[in-house]
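A.B. asks: The chain contents come next:
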Amino acid sequence: MAPQPTTDQSLSPALLPIQALIEAEQQDFIDGADGRKRAGYFCAYTPPEVLNAAGLRHARLFKAGSPEIVSQGERYTQSVFCDFSKSCIGGFDPQGGDPFYRSVDKLYTFHTCASMKRATEVIERFVPTKLLNLPRLRNEPASRAFFRDEIAHYRDDVAELAGRPVTDDQVTAQIVLYNKVRGLIRQLSELRKRPNPPLTGRDVLELVRGFYYLPPEKLLDVYGKLYRKLSRVRDNGKRPVRLMISGSIMADGDRRLVELIEQEIGARVVVEDHCTGLKPFAHTLPEEGDPFQALADGYLDQAPCARMKPLDDSLDFSSRLAEEYAVEGVVYVYLKFCACYGVSKLEFIERLQSRGVPVLEISSDYSQSDHGQLKTRVEAFIEVLQDRRTDLALPSGQTEEFVHG
Amino acid sequence: MKISDIVGSGPWPYAPADPVVGFDIGSRGSKGVLLTQDSIYTTFIPTGLYMQETADELLTRLLRDSGLKRRDIAFVVGTGYGRISLAYTDLPYQVVTEITCHAMGAHSLNPRTRTIIDIGGQDSKAIKIDPATGKVVEFVMNDKCAAGTGRFLEKAAVLLGLDLHELGPVALEANDPAMISSQCVVFAESEMISLRARGERHKDGAARANIAAGIHFATARRVKSLLGRIGTEPDLVFTGGVANNPGMWHALETLIGAKFARSPIDMIYAGALGAAVHAARHHAAALAAGTARRAARAQARTTASPARKAAARATAGRKTAAAHS
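Just so you know, the sequences run in chain order S and H. The first sequence: position 366 = 366 (the working numbering), numbered continuously. The second sequence: position 43 = 43 (the working numbering), numbered continuously.
Read the hints as simulated data drawn from the structure, not as lab findings. There may be inaccurate statements among the hints.
[Stated by the list, open to error] Lysine-lysine pairs mimicking DSBU-like chemistry, simulated, CA-CA at most 30 angstroms apart:
1. H:224 with S:336
2. S:336 with H:259
3. H:2 with S:375
4. S:117 with S:309
5. H:135 with S:193
6. S:375 with H:224
7. S:180 with S:218
8. S:336 with H:155
9. S:238 with H:135
10. S:375 with S:336
11. S:130 with S:309
12. S:375 with H:155
[As the list claims (entries may be wrong)] Computed from the model, here is a short list of chain S residues facing chain H with C-beta under 7 angstroms:
13. 183
14. 184
15. 372
16. 376
17. 387
[Said to hold, decoys possible] Short, incomplete list of chain S residues facing chain H, as computed with Cβ under 7 angstroms:
18. 34
19. 68
20. 377
21. 380
22. 384
Predicted model only: the values in this text are computed from it and were never measured. The beta carbon of each residue, even a glycine, is placed where N, CA and C say it ideally should be.
Excised from the complex, chain S in its bound form (with noise of 0.2 angstroms):
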């Protein structure tokens, strides 16, 4: 996939800097010039902790595939697979796969779906892989004894291929760096909570990019600074319409729903509930006794995937962000084929609907060709919550009147 341009017109210029570090970092991953080892990861359950630890340049790898991507991946795959995990098969193609995929030296899978299992499983053939367990039990002692040994075998993988040990202590410092590194973004996002929002939903998931890209000594420094210029910015007064995205994941490039919603219609996405926003972050680890067993907990502890259980984990986190964050709608969008949020979509709609939260539904993937019929739809549930506006504003039993000449 081409770099995205240096003018990102679609971002707020504050942003601009982190954009640049982090096609700067993606150009250093490629060419590799230090020789480090490159690892890479698809979900958020992998603990990056453990990576940075050992002296790896390492990269979540989340993009949206162009359709050349996906159609390759979909070589592998049947129709019925997502187009995400298509994007991975097709990113590590020999044949016309994307370079930033191609330069990875060694893949870890904490595996969630079993779509993404697959697609693992046909990426061995083209990368070295580690395929790891996720248990899906999270309450549970035993997956969590469990989750503390497989995190130890991880990190003996890992040291193996960094060529170092990877000492306890290590281990807990970068648990402490990350902490701050989360509990920044936690407070970037906080700002959305103001009526008039300094940043845009598009401005977070450019942060949350950046977390999956750049090593956290980076990120304390630009986020620092951005925390404090953007907490300066004084509140104009406009309200726009507050909407939360929920479901799966929004991969890096699949901006145009946030685009639309944001730029075109003029609404803004102040928290999300998937795991390419706000959600990973909800959670602090611990930063005292067997670092294993704290990035299990910590990481089984983190707002869970649908993926998960109980399932209402998920759902009462989902409501509780709805509600801190004072959403007047949920646009739930998920990947057409996805077995986790496509499925546990009316479980996820009811929840909110009972909690007053209106919910448009919307089945996804990484054409281009349906702007329209997203517009219409995005469209019509913004005038539905500006209605709902109007009427709250109005005195109970009284409704709006046309003014007749």
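The hints should help you fit chain H onto chain S, whose structure is shown.
C.D. replies: Here is chain H on its own, set in the frame of chain S:
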């Protein structure tokens, strides 16, 4: 047509102070409705390649039918898939989505409407509306494919050698509707081809009717699934171009197990009528704010040409005002 012929002699709360127009530029057909204090004019043409030309043609026809002049039009609202392509320099214009417009169109004719099924050329939707206000409570649209839409029926008519308007009546003659299981237009087409090729009853009218009925039921099943979240609270109203198809009417009523309320006009115009009602509302707001076109015109007439610029500024201001009303 007199409004009183449609909604009875009582006052109709949606009648505009001055003539207003609603356009519904659909994927297949474009509809226009002109409302005056006491009359309604409707017109339909196939959507052309250029949406603005289509809208201009609709307006020309509406003005001809009503005997009005372009300068008499106080407000225009556009809806439908082509709504974004329209632009006017001389008429106050707003865009509203077809979901909101269909709700208002159905509500303005029948205030008991709670549930709408709209089937158009390229999409279908189920809309739940608040009978007190005509506002949308919730809506569900079809997936982005032609199953369950008018396009599907068009394809089927071609395969059966029928004109589109014959398809529904032929389906009503079925004695044993064919089972068409595919949810996909392309696969359903091949199912139809194999049904047709079964040979012995190839020329048999009943076979054609049974296939036509099967197509309607397949489409209706698809549309019925949209009602899952919305429910079927009466009055249930059928809008959009496909509402003219008696075969679809029958298939939906059979599958849903409820009757549609009869509508006093052809419900292909529901979206355009809703747009016109929204135009009336915008015009009323402009009148209340003192920025309406009528006032601006009076001002322009009584002052010399430098005042034209002022009138133009007022037009720009009015657009902003309308957008926030």
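A.B. asks: Confirm or reject each hint.
C.D. replies: Comparing the hints with the structure gives:
1. H:224 with S:336: Satisfied, since the Cα-Cα distance of roughly 21 angstroms is no more than 30 angstroms.
2. S:336 with H:259: violated (34 angstroms)
3. H:2 with S:375: violated (36 angstroms)
4. S:117 with S:309: holds (18 angstroms)
5. H:135 with S:193: Satisfied, since the Cα-Cα distance of roughly 28 angstroms is no more than 30 angstroms.
6. S:375 with H:224: Satisfied, since the Cα-Cα distance of roughly 23 angstroms is no more than 30 angstroms.
7. S:180 with S:218: At roughly 12 angstroms apart (the allowed maximum being 30 angstroms), residue 218 of chain S and residue 180 of chain S satisfy the hint.
8. S:336 with H:155: The hint holds at about 26 angstroms.
9. S:238 with H:135: Measuring from Cα to Cα gives roughly 25 angstroms; hence the hint holds.
10. S:375 with S:336: holds (18 angstroms)
11. S:130 with S:309: Holds. Residue 130 of chain S to residue 309 of chain S sits at ~24 angstroms (cutoff 30 angstroms).
12. S:375 with H:155: Holds: residue 375 of chain S and residue 155 of chain H sit about 26 angstroms apart, inside 30 angstroms.
13. 183: violated (38 angstroms)
14. 184: violated (37 angstroms)
15. 372: holds (6 angstroms)
16. 376: Holds - the Cβ of residue 376 of chain S comes within 7 angstroms of chain H, reaching about 6 angstroms at its closest.
17. 387: holds (5 angstroms)
18. 34: Since chain H brings no Cβ nearer than about 46 angstroms to residue 34 of chain S, farther than 7 angstroms, the hint is violated.
19. 68: violated (21 angstroms)
20. 377: Holds: closest Cβ of chain H sits about 6 angstroms from residue 377 of chain S, inside 7 angstroms.
21. 380: holds (4 angstroms)
22. 384: holds (5 angstroms)
Comparing the model with each earlier hint shows violations of hints 2, 3, 13, 14, 18, 19; every other hint is respected.
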